[in-house]
Amino acid sequence: MSPKRLLQAADEAVLDGRRVEVRKLEVLLAWGDAFSGDPQDEPNAVPVRYGGPRLITLGGEGTPKVSDLALVEIAVARRESVFTTRRRAADAFDLRHRLPLVWAGLQALRCETWVGTKVAAMSRKLTAEQVVIVDVAVAEALDEAPARILEIAEAKIIEADPIAHAERIEANRARKGVWHSRPKPGESIEGDTAGIGSVVARIDEVDLEAHREFIEELAQALATHAGPPAEGEEPLSMDHWRAEAFAMLADPAAVLAFLRGETDQPVDEPTDEFDQPAEAPAPEAPATGPAAGPSAVVVVHVAEDPDTGALGPVARVEGLGPRLLSQVRDLLRRHANITITPVIDRLRTPHRRQDPHRAPHPGRRVPPRHRPLHQDRPATGPRPHDAI
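Just so we're aligned: the sequence shown equals residues 429 to 816 in this note's numbering.
Hints listed in this document are in silico derivations from the structure and should not be mistaken for laboratory results.
Virtual Cβ for every residue (Gly too), placed ideally from N, Cα, C.
You may find that some hints are simply not true.
[What the hints assert, rightly or not] With a cut-off of at most 16 Å between alpha-carbon atoms, the simulated EDC-like pairs for lysine to aspartate or glutamate come out as follows:
hint, residue 1, residue 2
1, Lys-452, Glu-501
2, Lys-604, Glu-633
3, Lys-493, Asp-466
4, Lys-546, Glu-449
5, Lys-553, Glu-508
6, Lys-452, Glu-508
7, Lys-553, Glu-489
8, Lys-493, Asp-461
9, Lys-452, Glu-540
10, Lys-546, Glu-582
11, Lys-553, Asp-589
12, Lys-493, Glu-508
13, Lys-604, Asp-632
14, Lys-493, Glu-449
15, Lys-546, Glu-501
16, Lys-604, Asp-635
[Said to hold, decoys possible] Cβ-Cβ distance ranges computed for the label pairs, FRET-style:
hint, residue 1, residue 2, range
17, Ser-754, His-639, 19 to 29 Å
18, Ile-591, Glu-633, 10 to 20 Å
19, Arg-576, Ala-441, 38 to 48 Å
20, Asp-469, Arg-576, 21 to 31 Å
Whole structure, please, built from the sequences with the hints as guidance.
Following this line, the structure appears as structure tokens:
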């Protein structure tokens with residue numbers, strides 16, 4: 429088979445796979461329609477209190493009910509658990525009744541079916557009115573990569589109900605914690621846990637970013653201070669130095685002394701007085717005062733309401749994704765010097781829609797109003813990802 433034919437076969441196989449998955453959902457929907465009537469209205473129906481069938485709602489607002497025991501039968505035919513069938517039926521009902529544009533795109537084989545069902549599950553708690561903006565935005569992006577589609581869906585779900593998302597954030601913050609591993613009997617012999625422990629932390633996103641940045645800077649300093657490896661030895665990885673930096677945080681005084689240059693003893697090096705490495709120049713003490721605080725350059729992509737001129741509730745922060753504007757403020761609370769580069773979307777014309785949650789990058793076609801922020805480049809022909 430020639431390379432050209434192999435490429436065609438690969439493409440056909442992908443489309444065939446999508447067609448099969450859509451067919452599975454269509455069969456599941458037809459089965460649900462056949463058993464959407466109240467089974468208690470049937471002659472000689474077994475009462476629900478004695479284990480008889482009853483109608484249940486699987487999908488979000490606006491989806492039909494289906495007999496619960498009927499799902500057991502179709503689960504057997506699908507060779508999967510009842511729980512899996514229920515979940516897939518909920519996705520199918522949501523797609524057909526709440527996300528009709530996305531459902532039409534799946535039937536047209538524009539993207540993988542699992543992406544559509546994932547969007548259906550993500551948006552299930554939205555009302556029938558709120559989910560419309562998710563349907564429109566995701567349907568326009570179905571030709572993009574799966575990760576891109578899910579990012580757009582996430583942003584639109586937050587935009588549809590920012591109050592609910594703020595409540596999710598508060599609920600998550602109430603469940604913060606730090607957990608240290610404890611060795612179990614036998615683990616020091618089997619596996620790779622001998623002499624090693626693990627730490628799991630659940631903290632604010634803002635604190636996580638600050639912690640990661642500090643660990644990275646301290647790890648770089650430790651690696652530089654340690655000097656080159658001995659001849660024939662492999663250099664230690666940055667993962668090793670990040671672990672050393674994390675462990676060093678248990679002694680804040682040692683961290684401060686190291687950063688101020690009060691110690692020149694390399695980490696993980698021998699302490700024999702006759703085997704000391706050459707003295708390294710002490711790092712300069714960090715500057716103090718408000719002007720010397722950490723700085724940040726943040727590209728925040730926001731959408732402006734064409735009618736009111738107000739900024740939308742959701743912004744896209746480069747490197748993080750969609751965030752509430754209140755989260756953006758929290759993200760910057762640690763920084764004394766802040767440079768914010770706003771990108772306001774006013775392109776809401778029928779022939780071109782600029783995604784309000786996608787900041788332009790050098791190399792992409794950038795609207796004229798953005799050109800001061802990015803290097804001008806010669807005009808190029810349209811590319812697939814410029815459609816959004």
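Now for the hints, and whether the structure bears them out:
{"no.": "1", "hint": "Lys-452 <-> Glu-501", "result": "holds, 15 Å"}
{"no.": "2", "hint": "Lys-604 <-> Glu-633", "result": "holds, 11 Å"}
{"no.": "3", "hint": "Lys-493 <-> Asp-466", "result": "holds, 9 Å"}
{"no.": "4", "hint": "Lys-546 <-> Glu-449", "result": "holds, 14 Å"}
{"no.": "5", "hint": "Lys-553 <-> Glu-508", "result": "violated, 25 Å"}
{"no.": "6", "hint": "Lys-452 <-> Glu-508", "result": "holds, 13 Å"}
{"no.": "7", "hint": "Lys-553 <-> Glu-489", "result": "holds, 8 Å"}
{"no.": "8", "hint": "Lys-493 <-> Asp-461", "result": "holds, 9 Å"}
{"no.": "9", "hint": "Lys-452 <-> Glu-540", "result": "holds, 13 Å"}
{"no.": "10", "hint": "Lys-546 <-> Glu-582", "result": "holds, 11 Å"}
{"no.": "11", "hint": "Lys-553 <-> Asp-589", "result": "holds, 10 Å"}
{"no.": "12", "hint": "Lys-493 <-> Glu-508", "result": "violated, 21 Å"}
{"no.": "13", "hint": "Lys-604 <-> Asp-632", "result": "holds, 8 Å"}
{"no.": "14", "hint": "Lys-493 <-> Glu-449", "result": "violated, 23 Å"}
{"no.": "15", "hint": "Lys-546 <-> Glu-501", "result": "violated, 24 Å"}
{"no.": "16", "hint": "Lys-604 <-> Asp-635", "result": "holds, 12 Å"}
{"no.": "17", "hint": "Ser-754 <-> His-639: 19 to 29 Å", "result": "holds, 21 Å"}
{"no.": "18", "hint": "Ile-591 <-> Glu-633: 10 to 20 Å", "result": "holds, 19 Å"}
{"no.": "19", "hint": "Arg-576 <-> Ala-441: 38 to 48 Å", "result": "violated, 23 Å"}
{"no.": "20", "hint": "Asp-469 <-> Arg-576: 21 to 31 Å", "result": "violated, 47 Å"}
Checked against the numbered hints given earlier, the structure breaks hints 5, 12, 14, 15, 19 and 20 and satisfies all the rest.
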